[in-house]
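Enquirer: Okay, here's what each chain looks like letter by letter:
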Amino acid sequence: MAVYKRTYHRYEGRLTPEWSRFLVLTRYSWEEMNRIRFLNMFLLGTMIWPLVCAVTIYLRYNLSALELIGINASDLIAIDSKFFLTYLGVQCMFAFFLNSFIGPGLVSPDLANNALPLYLSRPFSRTEYVLGRMSIILILLSLMTWIPGLLLFLLQGYLEGWAWFTGNLRLAFALLAGSLIWIALLGLMSLAVSAWVKWKPIAGGLLFGIFFVAAGFGEAINAVLRTKWGHLINVSHLVGTVWLSLFEEPMRRGSGAVFFRVFPGEEIPVWMCWLALFGMCLFCLWLLGKKIRGVEIVR
Amino acid sequence: MSAATNKPIIELEDLVVQIGNRVILKKLNGSLSGRSIGLLGPNGAGKSTLLNTLLGFHRPASGTARIFGFDIRTHAKQVRSLLGYMPENDSFIANMSGIRFVRLMAELAGLPREEATERAHEAFFYVGLGEVRYRNIGTYSLGMKQMTKLAQALVHGPRLLLLDEPTNGLDPPARRRMLRLIQEIRDRGEVHILISSHLLRDVEECCDEVLILKDGNIAASCNLEEERRSNRHFLELETKGAGDDFVYRLQELGCQAAWAGNSRVKLVLPKRVGVREIYQVASECGVQIRRLNHKRDSLEDIFLKAMEAVIPAPPEKAEVTHGRI
Numbered sequence: 000m001a002v003y004k005r006t007y008h009r010y011e012g013r014l015t016p017e018w019s020r021f022l023v024l025t026r027y028s029w030e031e032m033n034r035i036r037f038l039n040m041f042l043l044g045t046m047i048w049p050l051v052c053a054v055t056i057y058l059r060y061n062l063s064a065l066e067l068i069g070i071n072a073s074d075l076i077a078i079d080s081k082f083f084l085t086y087l088g089v090q091c092m093f094a095f096f097l098n099s100f101i102g103p104g105l106v107s108p109d110l111a112n113n114a115l116p117l118y119l120s121r122p123f124s125r126t127e128y129v130l131g132r133m134s135i136i137l138i139l140l141s142l143m144t145w146i147p148g149l150l151l152f153l154l155q156g157y158l159e160g161w162a163w164f165t166g167n168l169r170l171a172f173a174l175l176a177g178s179l180i181w182i183a184l185l186g187l188m189s190l191a192v193s194a195w196v197k198w199k200p201i202a203g204g205l206l207f208g209i210f211f212v213a214a215g216f217g218e219a220i221n222a223v224l225r226t227k228w229g230h231l232i233n234v235s236h237l238v239g240t241v242w243l244s245l246f247e248e249p250m251r252r253g254s255g256a257v258f259f260r261v262f263p264g265e266e267i268p269v270w271m272c273w274l275a276l277f278g279m280c281l282f283c284l285w286l287l288g289k290k291i292r293g294v295e296i297v298r
Numbered sequence: 000m001s002a003a004t005n006k007p008i009i010e011l012e013d014l015v016v017q018i019g020n021r022v023i024l025k026k027l028n029g030s031l032s033g034r035s036i037g038l039l040g041p042n043g044a045g046k047s048t049l050l051n052t053l054l055g056f057h058r059p060a061s062g063t064a065r066i067f068g069f070d071i072r073t074h075a076k077q078v079r080s081l082l083g084y085m086p087e088n089d090s091f092i093a094n095m096s097g098i099r100f101v102r103l104m105a106e107l108a109g110l111p112r113e114e115a116t117e118r119a120h121e122a123f124f125y126v127g128l129g130e131v132r133y134r135n136i137g138t139y140s141l142g143m144k145q146m147t148k149l150a151q152a153l154v155h156g157p158r159l160l161l162l163d164e165p166t167n168g169l170d171p172p173a174r175r176r177m178l179r180l181i182q183e184i185r186d187r188g189e190v191h192i193l194i195s196s197h198l199l200r201d202v203e204e205c206c207d208e209v210l211i212l213k214d215g216n217i218a219a220s221c222n223l224e225e226e227r228r229s230n231r232h233f234l235e236l237e238t239k240g241a242g243d244d245f246v247y248r249l250q251e252l253g254c255q256a257a258w259a260g261n262s263r264v265k266l267v268l269p270k271r272v273g274v275r276e277i278y279q280v281a282s283e284c285g286v287q288i289r290r291l292n293h294k295r296d297s298l299e300d301i302f303l304k305a306m307e308a309v310i311p312a313p314p315e316k317a318e319v320t321h322g323r324i
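So the sequence lines, in the order shown, correspond to chains U and H. Per numbering that gives the first Met the number 0, residue 0 is the first one in the first sequence, and the count goes up by one each step. Per numbering that gives the first Met the number 0, residue 0 is the first one in the second sequence, and the count goes up by one each step.
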């Protein structure tokens, strides 16, 4: 029967598993983002650095190629924890920019258009909503950070041999854990900002503010009070400290990568950094819980 | 409570809902089983709060409600899988075509992708928006947006449809279309409908049972279908010279009669008694019948009476007030 001739009838067919329904939101967000050409170009652009790293690893083990281009193998940088830490720093910086572009537009349109009652009047919980929205960040940022990172690790393990691979598994774990901490923090922060600031450009600006203005403010506290505890509000410092501990990288002058550098004498205890990051994530969840509701409660 | 033989659709059991320090719903008790139920009340009566509570947006402070036997406190997901909700205000997702929006809603309700697409197309044709389904929702008129909200509420085939002010902001032709659709859905008998509205005519046209709220209490509850059926035996007389003897003679005929000492006498006639006998009694008692009206209380009368005084909910489940003279 032609679709326009049909009348209302109840649906009696099979249903999708409940656990998988949050992925519907992820798929729709992915389809929406695929239409934005700039985003696709940016995502492709972020693959350049992993490619450079892959070529560096490859060249180290290909003496004939090195001879051909006239480079001494000892001139190339060592493939060690510093190499992977630098890789992670660059990619996570790109991840931050991408997140600032997509994150603010994930929740705010639903709030501005009063769409939440429609989502939540279905067998679909607030947690699933947040998970669905956050998954798109998780997927995109994973594609930029730990997935190519682990591929680089596998390439290095393949070329260097089994002994190196088993002896450096902590690097793979550090790549994975370091990326996930950053992704979780970025995702929760951007969703929380998006939920509270309905105007997308302002929300994007606020995200930058949280990272850069707070870092500057932290530095000001340190300078005025002659302390180092101002770094507790400097997210990149906290993440940088955690990464250094994960990669077991010794403290040098300006250890870490890009804007995650930690300087000697300014370290704060690693457990405190973990606690601060955990507290930030909890605060973001609390902010989300206040806004992601079927109805806005005006007391 | 309507037909006692029907299974209840919604049961309220000492339901108290508190928002902040304000108690919005005050120990509601009742059982609704109509095919189409109207939720009436002035602004601030608690209609939307009741709907939102049934949807699980507000947690009851005490008591509970059950929909098709599922407790809203303990089986929120099961309850919501049986519901289709059309909110009062503009609710949609920006930058999305109508069909994509309705398909998304179907998929979130658990329909697989292909079925969701098919049902979304069906729902759009059903509400009369088949031709515009690929347009962005932002470009729709208010009437189209209302119809789209109805389509998304229907798309997954719910058992109970919650419509919050469905005719809000519609022009007369659009309003007629919406009411016709609701009546059609009701008459197909596959889905129950709960309509929250402050428009008595809409409720009167679409509903067979009414729950009236005032200040968070149930002010009245009545079965309009039974009211309509009993209209045939209801008479309101405008008289001159009516007295105790006239009323007594009518009661002797088997009529239920109510007389407040003025010129109006209200009667419920037994089946065997016709209007002719009433005129005969009036003639014998020397009473002039100046007007004779067959119409019983309209929904407006019921509503106005309910607004005059709140009937406190009895400890047992609330009884409907139909059958009053």
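Treat the hints as calculated values from the structure; they're not laboratory data. Note that the coordinates shown come from a computational prediction; the quantities given were computed from them, not determined experimentally. Any given hint could be a false lead.
[Claimed, not checked] Pairwise CB distance ranges, derived in the manner of DEER restraints:
{"#": "1", "chain 1": "U", "residue 1": "Gly208", "chain 2": "H", "residue 2": "Ser96", "range": "32 to 40 Å"}
{"#": "2", "chain 1": "H", "residue 1": "Gln17", "chain 2": "U", "residue 2": "Trp198", "range": "30 to 38 Å"}
{"#": "3", "chain 1": "U", "residue 1": "Ile138", "chain 2": "H", "residue 2": "Arg112", "range": "14 to 22 Å"}
{"#": "4", "chain 1": "U", "residue 1": "Leu179", "chain 2": "H", "residue 2": "Lys76", "range": "26 to 34 Å"}
{"#": "5", "chain 1": "U", "residue 1": "Ala176", "chain 2": "H", "residue 2": "Lys76", "range": "30 to 38 Å"}
{"#": "6", "chain 1": "U", "residue 1": "Leu284", "chain 2": "H", "residue 2": "Gly62", "range": "24 to 32 Å"}
{"#": "7", "chain 1": "U", "residue 1": "Ala111", "chain 2": "H", "residue 2": "Asp214", "range": "28 to 36 Å"}
{"#": "8", "chain 1": "H", "residue 1": "Gly19", "chain 2": "U", "residue 2": "Ala111", "range": "41 to 49 Å"}
{"#": "9", "chain 1": "H", "residue 1": "Thr73", "chain 2": "U", "residue 2": "Gly208", "range": "41 to 49 Å"}
{"#": "10", "chain 1": "U", "residue 1": "Gly278", "chain 2": "H", "residue 2": "Gly188", "range": "32 to 40 Å"}
[Said to hold, decoys possible] Straight line, CA to CA, 27 Å or less: simulated DSS-like cross-link-like pairs of lysine-lysine:
{"#": "11", "chain 1": "U", "residue 1": "Lys290", "chain 2": "H", "residue 2": "Lys6"}
{"#": "12", "chain 1": "H", "residue 1": "Lys144", "chain 2": "H", "residue 2": "Lys239"}
{"#": "13", "chain 1": "H", "residue 1": "Lys270", "chain 2": "H", "residue 2": "Lys239"}
{"#": "14", "chain 1": "U", "residue 1": "Lys197", "chain 2": "U", "residue 2": "Lys289"}
{"#": "15", "chain 1": "H", "residue 1": "Lys265", "chain 2": "H", "residue 2": "Lys239"}
{"#": "16", "chain 1": "U", "residue 1": "Lys227", "chain 2": "U", "residue 2": "Lys81"}
{"#": "17", "chain 1": "U", "residue 1": "Lys199", "chain 2": "U", "residue 2": "Lys289"}
{"#": "18", "chain 1": "H", "residue 1": "Lys6", "chain 2": "H", "residue 2": "Lys25"}
{"#": "19", "chain 1": "U", "residue 1": "Lys289", "chain 2": "H", "residue 2": "Lys239"}
{"#": "20", "chain 1": "H", "residue 1": "Lys6", "chain 2": "H", "residue 2": "Lys26"}
{"#": "21", "chain 1": "H", "residue 1": "Lys76", "chain 2": "H", "residue 2": "Lys25"}
{"#": "22", "chain 1": "H", "residue 1": "Lys76", "chain 2": "U", "residue 2": "Lys290"}
{"#": "23", "chain 1": "U", "residue 1": "Lys197", "chain 2": "H", "residue 2": "Lys239"}
{"#": "24", "chain 1": "H", "residue 1": "Lys26", "chain 2": "H", "residue 2": "Lys76"}
{"#": "25", "chain 1": "U", "residue 1": "Lys197", "chain 2": "U", "residue 2": "Lys81"}
{"#": "26", "chain 1": "H", "residue 1": "Lys6", "chain 2": "U", "residue 2": "Lys289"}
{"#": "27", "chain 1": "U", "residue 1": "Lys290", "chain 2": "U", "residue 2": "Lys199"}
{"#": "28", "chain 1": "H", "residue 1": "Lys6", "chain 2": "U", "residue 2": "Lys199"}
No residue lacks a Cβ here, since even glycine has one placed at the ideal position from N, Cα and C.
Enquirer: It remains to establish, for every hint, whether it holds in the given structure.
Expert: So, going through the hints one by one against the coordinates:
no.	hint	verdict
1	Gly208/U / Ser96/H: 32 to 40 Å	holds, 35 Å
2	Gln17/H / Trp198/U: 30 to 38 Å	holds, 33 Å
3	Ile138/U / Arg112/H: 14 to 22 Å	holds, 19 Å
4	Leu179/U / Lys76/H: 26 to 34 Å	holds, 29 Å
5	Ala176/U / Lys76/H: 30 to 38 Å	holds, 33 Å
6	Leu284/U / Gly62/H: 24 to 32 Å	holds, 30 Å
7	Ala111/U / Asp214/H: 28 to 36 Å	holds, 33 Å
8	Gly19/H / Ala111/U: 41 to 49 Å	violated, 25 Å
9	Thr73/H / Gly208/U: 41 to 49 Å	holds, 43 Å
10	Gly278/U / Gly188/H: 32 to 40 Å	violated, 56 Å
11	Lys290/U / Lys6/H	violated, 37 Å
12	Lys144/H / Lys239/H	violated, 55 Å
13	Lys270/H / Lys239/H	holds, 26 Å
14	Lys197/U / Lys289/U	holds, 14 Å
15	Lys265/H / Lys239/H	holds, 14 Å
16	Lys227/U / Lys81/U	holds, 25 Å
17	Lys199/U / Lys289/U	holds, 19 Å
18	Lys6/H / Lys25/H	holds, 25 Å
19	Lys289/U / Lys239/H	violated, 66 Å
20	Lys6/H / Lys26/H	holds, 22 Å
21	Lys76/H / Lys25/H	holds, 25 Å
22	Lys76/H / Lys290/U	holds, 20 Å
23	Lys197/U / Lys239/H	violated, 69 Å
24	Lys26/H / Lys76/H	holds, 24 Å
25	Lys197/U / Lys81/U	violated, 40 Å
26	Lys6/H / Lys289/U	violated, 38 Å
27	Lys290/U / Lys199/U	holds, 16 Å
28	Lys6/H / Lys199/U	violated, 49 Å
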